[in-house]
Structures are given as C-alpha cells and as structure tokens.
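> The residues making up each chain are set out below.
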Amino acid sequence: MVKLDQINISNTGLTKFFSPIEAKILRTLWAEGEMMTSELTERTNIPLTSIAGTLDRLVKAGYATRRIDNINGRVRYVYAPAFSEEEVASEITRKILDSLVDTFGPLALENFSKYSDKK
Amino acid sequence: MNILGEISCFGLCLESSHLAPFVVSLVVISISLLAASLMVRGPKHRLLIFVSAQITVLLAIIATFYLMKCDGMLTTYLYLIYAAMSSILVFGVHRFYDRVMIRRLNAKPAGNIVEWVQGFVSQLTAATVYYYDSAAPRAFAAGRSIFISIGLLEILNDDELRAVLAHEAWHIRNNSRMPYLRQLALMTFSSHKKSELEYMADCFAAEIAGSEALSSAHDKLDKVFI
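Chains as they are written, first to last, in our numbering: chain A, 1 to 119; chain B, 1 to 226.
To be clear, the hints were calculated from the coordinates, so they are not data collected in a lab. For each residue, glycine too, the CB sits at the ideal point set by N, CA and C. It is possible that part of the hints are untrue.
Unchecked claim - Derived pair list, reagent style DSSO-like, types lysine-lysine, alpha-carbon separation capped at 27 Å: (1) B/Lys69 - B/Lys193; (2) A/Lys24 - B/Lys194; (3) A/Lys16 - A/Lys119; (4) A/Lys60 - B/Lys108; (5) B/Lys44 - A/Lys60.
To be verified - In silico negatives: residues of chain A with every beta carbon more than 10 Å from chain B: (6) Lys95; (7) Phe104; (8) Leu107.
Claimed, not checked - Label pairs and their calculated CB-CB ranges: (9) A/Asn70 - B/Ala126: 40 to 50 Å; (10) A/Asp5 - B/Val27: 28 to 38 Å; (11) A/Ala31 - B/Phe140: 52 to 62 Å; (12) B/His218 - A/Ser38: 11 to 21 Å; (13) B/Leu80 - A/Glu39: 37 to 47 Å; (14) A/Ile71 - B/Ala126: 28 to 38 Å; (15) B/His218 - A/Leu4: 37 to 47 Å; (16) A/Ser19 - B/Phe140: 21 to 31 Å; (17) A/Ala31 - B/Ser216: 26 to 36 Å; (18) B/Ala35 - A/Arg27: 51 to 61 Å; (19) A/Glu86 - B/Phe140: 38 to 48 Å.
Whenever a hint applies, use it, and build me the whole structure from the sequences.
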C-alpha cells in the first residue's frame, strides 16, 4: 500500500523510516486529522519551501491524501493521513519481516520465535 | 584529414580569398556589438544588440564555410549536421512541449477551479491556463499554455496571481520568437541572459497588474525559492 524506501536503524523513532520532516508532518496529521497547508506550516513550524515538496512526496508515496478545497474562489489543499498510525506501523513491520525472511529464510523465522518467546 | 590540417586549410583559404576582409570585418563588428551589449543598460536594447552580435557571428561562420576550397572537411560536415539536428529539436520540441507537459503533469483547465483566470489571460494573449497537482508554488509558460500549480493558488491572492499570469502571458506573446533565440544561441555557441527576458516579462506584469502586486508576489515566491 505504501512505499518504504530505506531504513536507518541508528535513527530514533519514526525517523528510522521517514525523513525528520516527513515524520513531523505524519505525526501532526495523525494527531489532527484534516489540515490545510497553512495550518501544517504553522503547527510543524516548517517553512513552505521544505513542506511543499515533502507533502507532494508523502501523497505520492501513499501516506497522505489531499483534496482540493474551493471556497469563494480560494483554492486550498486539505490533507489527511491515508492510514492510521497503527495501520502504518503494521505495514512497516510486515514489510521489514518480509524482507528479513526473504534474505535469511528459516534462520529469520527461528529468531522470530525466539524473540516472541522472550517477550 | 586531421583537425590541425583543417585549421591550416581554413587559414590558407581565408588568406587567398577576396572575401577575407568581409569576414574579418564581420568578426570585428560582432566583437564591438558584444562589447556594446555589455555596456547598454536597458534590457530590451541589450538583448537586441546581443542578438545582432550573434547574427553577425553566424554570417561570419557562413561566409567562412562558403569560401572554403578544401574538399570533405569534417568540421563543416559536423557543423551542418549539428545545425540541422538542433533546429529539428528546437522547433519540434517548441511545438509539442505544452502537449507533453499537459500529459506529464496531468494538467487540467484552470477555469474549472478559479473562474476568472482563463478570461483574464485571454484578454492578454491566446493561451489556455492549466493547473496541476503539486504543493510547490510554480508557474511557467510553454507553447500556447500557462501552467500553475495548486501550491501557487494557495499562497497568492488574486492581485498577485494576476501579476504572475501577466508575466507568463508576456512569455506566451513572445513565444514564437523563442525558438529563433535558442537556435541562434546553439549555432553561435553563445547565449543571452535569461534574466533580461524575465525583466521584460516583469515590466509587462507591473503594467497590467500593478507593481505592488508584482513585488508582493515576488516576495512570496522568493521566500519559497531562495
């Protein structure tokens, strides 16, 4: 459903899977639901320069959706998260598990069961 | 024949030709025009003088090829092929570029979302305004079309949008001359400054939409594209 290009294990939190700006925008959208671009720049405190390109990317990658809102000739984007935080979390987990099994096969599965026993 | 041999052939043929003084004077004229274009202040005149310098260079190139007596010169063939290929590309791309952009950006007529936009541009030039889906504020003209992003509509008010549209309309009005400018640049291996055209488009925009609207649109867009 969504694109996940690379993982940085050494980063913290969501920035393992997203750029810091992408992570900030996603967190804000999950907290607020629907938001306009101006509200997003204000809330995240990210300048329009950086936020515009990132928003295009998040929409293209499938993490956010947007619709064009037109009130009295004023055109605006209204953004919303495409999936809830839980849905994205399970999707990312599934993708990473898939890639581990793909690379290490039974060895990965063996480690999963050890891991879940430990937990 | 190697390149060094060809260069000495150019020298010999020029020396023995009665057209040599003509070629030399063309070169002198083009150099003085180039110098003049650097000194003139008005962008329109500067551009005109620069283009005249390019035309004289082109004439000098054509005259030099004309008086060559050597057969099968590689440099001449290469230049002619280069000139033919570049004109096919420049004039061909110019004709279809906006069709390509409409498809690539999945652009739709801007009249669908902001009613007055198409009417305003139609008063200035024969062009269709399209909008496309992107948050990055951008406007550009290609062929007979003006493209604006949703991001641009988000940050500009109506007056500022008028200024940007008038600026792009100026480009469309002068679009038929652009391929000649590009082709001249390619054939003389020199290029005019893009800022001169932008300046002239801005003058037109200020005339149509007011200089205040233009400068506030610039301020907003400069903040975006530093």
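> Indicate, hint by hint, whether the structure satisfies it.
Hints, verified against the model:
no., hint, verdict
1, B/Lys69 - B/Lys193, "37 Å, violated"
2, A/Lys24 - B/Lys194, "38 Å, violated"
3, A/Lys16 - A/Lys119, "22 Å, holds"
4, A/Lys60 - B/Lys108, "18 Å, holds"
5, B/Lys44 - A/Lys60, "43 Å, violated"
6, Lys95, "26 Å, holds"
7, Phe104, "40 Å, holds"
8, Leu107, "44 Å, holds"
9, A/Asn70 - B/Ala126: 40 to 50 Å, "26 Å, violated"
10, A/Asp5 - B/Val27: 28 to 38 Å, "55 Å, violated"
11, A/Ala31 - B/Phe140: 52 to 62 Å, "36 Å, violated"
12, B/His218 - A/Ser38: 11 to 21 Å, "20 Å, holds"
13, B/Leu80 - A/Glu39: 37 to 47 Å, "60 Å, violated"
14, A/Ile71 - B/Ala126: 28 to 38 Å, "31 Å, holds"
15, B/His218 - A/Leu4: 37 to 47 Å, "39 Å, holds"
16, A/Ser19 - B/Phe140: 21 to 31 Å, "27 Å, holds"
17, A/Ala31 - B/Ser216: 26 to 36 Å, "33 Å, holds"
18, B/Ala35 - A/Arg27: 51 to 61 Å, "60 Å, holds"
19, A/Glu86 - B/Phe140: 38 to 48 Å, "42 Å, holds"
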